[in-house]
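A.B. asks: Below, each chain spelled out in residue letters.
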Amino acid sequence: MVNLAVARAAEPRARPPSTIAILRLARPQRRALVSYFAALLVWQLGSTSGRWLGFELPLLGRVPAPSDVLLAWSHLILDPGYWQSWIASWKRVAVGFSAAVLTGVPLGLIMALNRPIWDVVFPVFELLRPIPPLAWVPVAIIFWPTQELSIDAVIFIGAFYTLVLNAVSGARSVDPRLIEVARSMGASKRNILTRLVLPGVLPSVLVGMEVSIGITWEVVVAAEMISGGGSSRAASSGGGLGFFIWNSYVGGSYPQIIVGMISIGIAGYLSSAALRAVAARLSRWNAPHGGRT
Amino acid sequence: MTAGAIAWRSVGTPRAAAVVRPHAADPDAPLRRRGAIQIVDAVKYYGVGESRVLAVDHCSLDISAGEVFVVVGPSGCGKTTLLNALAGFHPLDAGSIHLDGELLCGPGREKAPIGSDRIVVFQNGALFPWKTVLENVAFGPAMRGAIPRDELLERARRRLAEAGLQGYEQSYPGETSSGVKRRVEIVRALMNDPAVLLLDEPFRALDALTKAMMHEALIASYLRNGSTVFFITHDIEEAVFLGSRVAIMTSRPCRPKTILSVDIRYPRSRETVTSKRFRELVAEATTAVHEEALNAYALGEKEG
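Chains as they are written, first to last, in the working numbering: chain H, 1 to 293; chain U, 1001 to 1304.
In short, the hints are calculated from the structure, not lab data.
Remember, it's a predicted structure, so these values are computed and weren't measured experimentally.
Some hints could be false.
Derived pair list, reagent style DSSO-like, types lysine-lysine, alpha-carbon separation capped at 30 Å [stated by the list, open to error]: (1) Lys1211/U / Lys1276/U; (2) Lys189/H / Lys1276/U; (3) Lys1211/U / Lys1131/U; (4) Lys1111/U / Lys189/H; (5) Lys1257/U / Lys1211/U; (6) Lys1257/U / Lys1276/U.
Sequences and hints are given; from them, build the entire structure.
C.D. replies: Next up, the structure:
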């Protein structure tokens, strides 16, 4: 009911369907298209400023033009190595992120619910937390037997702290009166955990996941650059997107750098969107406005 | 609704034996009188050492089974302390509480056990936001595993319908109005068939119109059920409208100052509010509350 009302309020007044395809899209989608187009236009004009303006604009003037990038991309799309880079990075994000969720969320819950454990764990936690994930790269390389595991470990660290803290704050935000009510109605300790604490924590954990998966993309790319893209060192065959960018830089193919960068943007966007979709499904009760994403 | 089936009662003789409880296991069984509360010399301090504050001072109340006992007093006077002790959320420092002759808390038993015989409806509501209205209502019996699930859901639906809440079963609390939430919460509490229903200013945040509807809904479900109702408020008209007796408490420390018997029969309606007797009782209660407010003011107490 509420959803409908909100959706209707956001809709423009009824208009006859346009013959132009773009105008048939909903307003937010049209605006998104305008946004992409304007960004491309500024970029194209800026990067070709040397030709039409007579001098290069600062910053943008040095960047490969979108037309060059698209050209490079059109070649890469047919190159299996490019797609292997995608797969390699996705795999690392998936492994490191899953490990962080599986350990960080339970740890956060235990810390929030058990005072002595909190007292013991939190000081160390707070000491380690400010260390940037990339500062762990050398240690990770020394500690883990394979490069692959080292990169996974660094990604794990990137996501871990955010997940723990969000689980803690989620568990703390569960209304104690709900627990009193449940107890007075005869809920066991176990039921209080599974039926009150876990669903109560969920929205906050989902937000933590959304934030931390973004961090994992920042980390995977940098980790791949530093560690040389894992075990495989071939120019474009499974070193990951980070290594792909680094390699393009070393090889002097600048449009490819931009392709790599945009690829990471797309990958990060897709992973966040997927998580948001899951979140919207899992916490329907928490999204009275239809969970617009 | 089912008012015709319910014997009208005069106040002071709580719940005649002829009144039936339609929802008991055996619908024809006569209503057991239960939910009699004796609070004897309850004492509660807040804080420790020199700075501790006496919140409740030798407060004694004798509440009969099946009455609507309303407690009126300034905010922070310790009414909620009594409710928390009754519910088993907090201990008393001295004194004892008995429920139907059995010791709930007192010497040797610091805190009353928390149990489904005493269910609290909180001021700001405490529905489980991630459960639908139907799941909320079914929660208590489901936790105790007392009834098969199908039967339980059927009963929950029936209770919701009786309270005029059909159509809300699959809504989440966040999608409903505050009036609906409060009604659902009362239905949820009564699903546990409590001996005592403890309400802590449950209608405080509602607008006047919704509040009036809540009052009639509460009285209707009170008449259907058999629970003793322990109701805290500082709205005097609400107190007189709902209560079979109204206790006006002194401000800190909390103790009954006057106990009014409301000799107006249930079910009460909107016409009750305009009746002469109702106005007299409200005036009497107002005078007592006003005196207490003046005392509190003279003592430099803050009313918060």
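A.B. asks: Check each numbered hint from earlier against the structure, then list the numbers of those it violates in ascending order.
C.D. replies: 2
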